[in-house]
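A.B. asks: Protein sequences appear in the order of chains A, B and C. Residue 25 in my numbering sits at position 25 of the first sequence, with consecutive numbering throughout. Residue 44 in my numbering sits at position 44 of the second sequence, with consecutive numbering throughout. Residue 44 in my numbering sits at position 44 of the third sequence, with consecutive numbering throughout.
A hint or two may mislead.
[Unchecked claim] With the Cβ distance kept under 10 angstroms, some of the chain B side facing chain C (calculated, not the full set):
1. Asp27
2. Gln50
3. Pro52
Please keep in mind that the hints were generated in silico from the structure rather than gathered at the bench. Every residue, glycine too, gets a C-beta built ideally from N, C-alpha and C.
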Amino acid sequence: MSVVVRTIARIIVPMILAFGAYVIMHGHLTPGGGFQGGAVIASAIALLLVVFGSGRLAGHKNLLSLLEDLGAIAFVALAFLGIGCTFFRNVLAGSGGLFGMPVPPGPNPGFLNTGGTLPLMNWAVGLKVAAGLGSVVLLLGLFGGGDDR
Amino acid sequence: MTLWGVLQVITLVLVVVGAALAVWLRDLLAAVIALAASSLLLSLEFYLLQAPDVAIAEAGIGAALTTAIYILAIRKTRRKEEE
Amino acid sequence: MKWIKVGAFLVMVGFLVGVAAWMHPFGVPWASEMDDYFIANAQVEAGANNVVTSVVFDYRGFDTLGEATVLLCAVVGVALVLRRTRR
Numbered sequence: 001m002s003v004v005v006r007t008i009a010r011i012i013v014p015m016i017l018a019f020g021a022y023v024i025m026h027g028h029l030t031p032g033g034g035f036q037g038g039a040v041i042a043s044a045i046a047l048l049l050v051v052f053g054s055g056r057l058a059g060h061k062n063l064l065s066l067l068e069d070l071g072a073i074a075f076v077a078l079a080f081l082g083i084g085c086t087f088f089r090n091v092l093a094g095s096g097g098l099f100g101m102p103v104p105p106g107p108n109p110g111f112l113n114t115g116g117t118l119p120l121m122n123w124a125v126g127l128k129v130a131a132g133l134g135s136v137v138l139l140l141g142l143f144g145g146g147d148d149r
Numbered sequence: 001m002t003l004w005g006v007l008q009v010i011t012l013v014l015v016v017v018g019a020a021l022a023v024w025l026r027d028l029l030a031a032v033i034a035l036a037a038s039s040l041l042l043s044l045e046f047y048l049l050q051a052p053d054v055a056i057a058e059a060g061i062g063a064a065l066t067t068a069i070y071i072l073a074i075r076k077t078r079r080k081e082e083e
Numbered sequence: 001m002k003w004i005k006v007g008a009f010l011v012m013v014g015f016l017v018g019v020a021a022w023m024h025p026f027g028v029p030w031a032s033e034m035d036d037y038f039i040a041n042a043q044v045e046a047g048a049n050n051v052v053t054s055v056v057f058d059y060r061g062f063d064t065l066g067e068a069t070v071l072l073c074a075v076v077g078v079a080l081v082l083r084r085t086r087r
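Make a model of the complete structure from these sequences and hints.
C.D. replies: So this is what it looks like as structure tokens:
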């Protein structure tokens, strides 16, 4: 791609990554969540691929696969935390520990330390979706080889 | 009809226009851009219907990732559609 | 053959316009007991302000598990098909 596109991509990719991390991190407070934030981060990876070519990212293929499996395993492990009651039981909500602050009912400004297992599941699913969709785009860019610019 | 209703009708008409352009255009890159514009307007329509979660997902998947995949596929193959 | 296609197109357009004209209005669901329960109790039970996230990850967690499985299968399928990179 041309130098204008490359310069603008260098400026805008950190912003997209920060917005995706914000959408994942505040998934239990504001609209969004793991899937949406992961899609935003994967779109940043796709922008890098389209602009800079897939050659530079080729070495990270195995890392993306590893992160995707890690996200899936973390999601299922967090679901198994509540196996004492039921699968997917939210054991951390309201317990006072990590992410366990009780929420006052009704309108409130939103506290990050709430939600129980929801923020951890948001991170797991966000990691999984970002790495999965990013590796799909990367594999498609690497297929056939050759014409990167 | 209220202002929101008029805005929704305009957005939906533009979505249909973008989809028709994506079918009608012969230049495949321009068709992909029309499809991305249609998807972004559909995301705006989801936001107008007060579903911001679906709007973010549609903007991320439909407007960004699908466009990137189509552009990569066009770069691997041809740009012009055959007659 | 051409007139059959035009007729099918006109029938489809008429069907869609009729459905859009007779559509149930937005924001007025037929049954809303579950929605009212989620909106009333999601903040206390799941501890999340965003009720959609508490439904997706807590009340209906199996749906998210199925979605994650579908995504994993899609990535594995793409990795199998596009494995050869010639590099």
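A.B. asks: Failing hints, ascending?
C.D. replies: Structure breaks hint 1 only.
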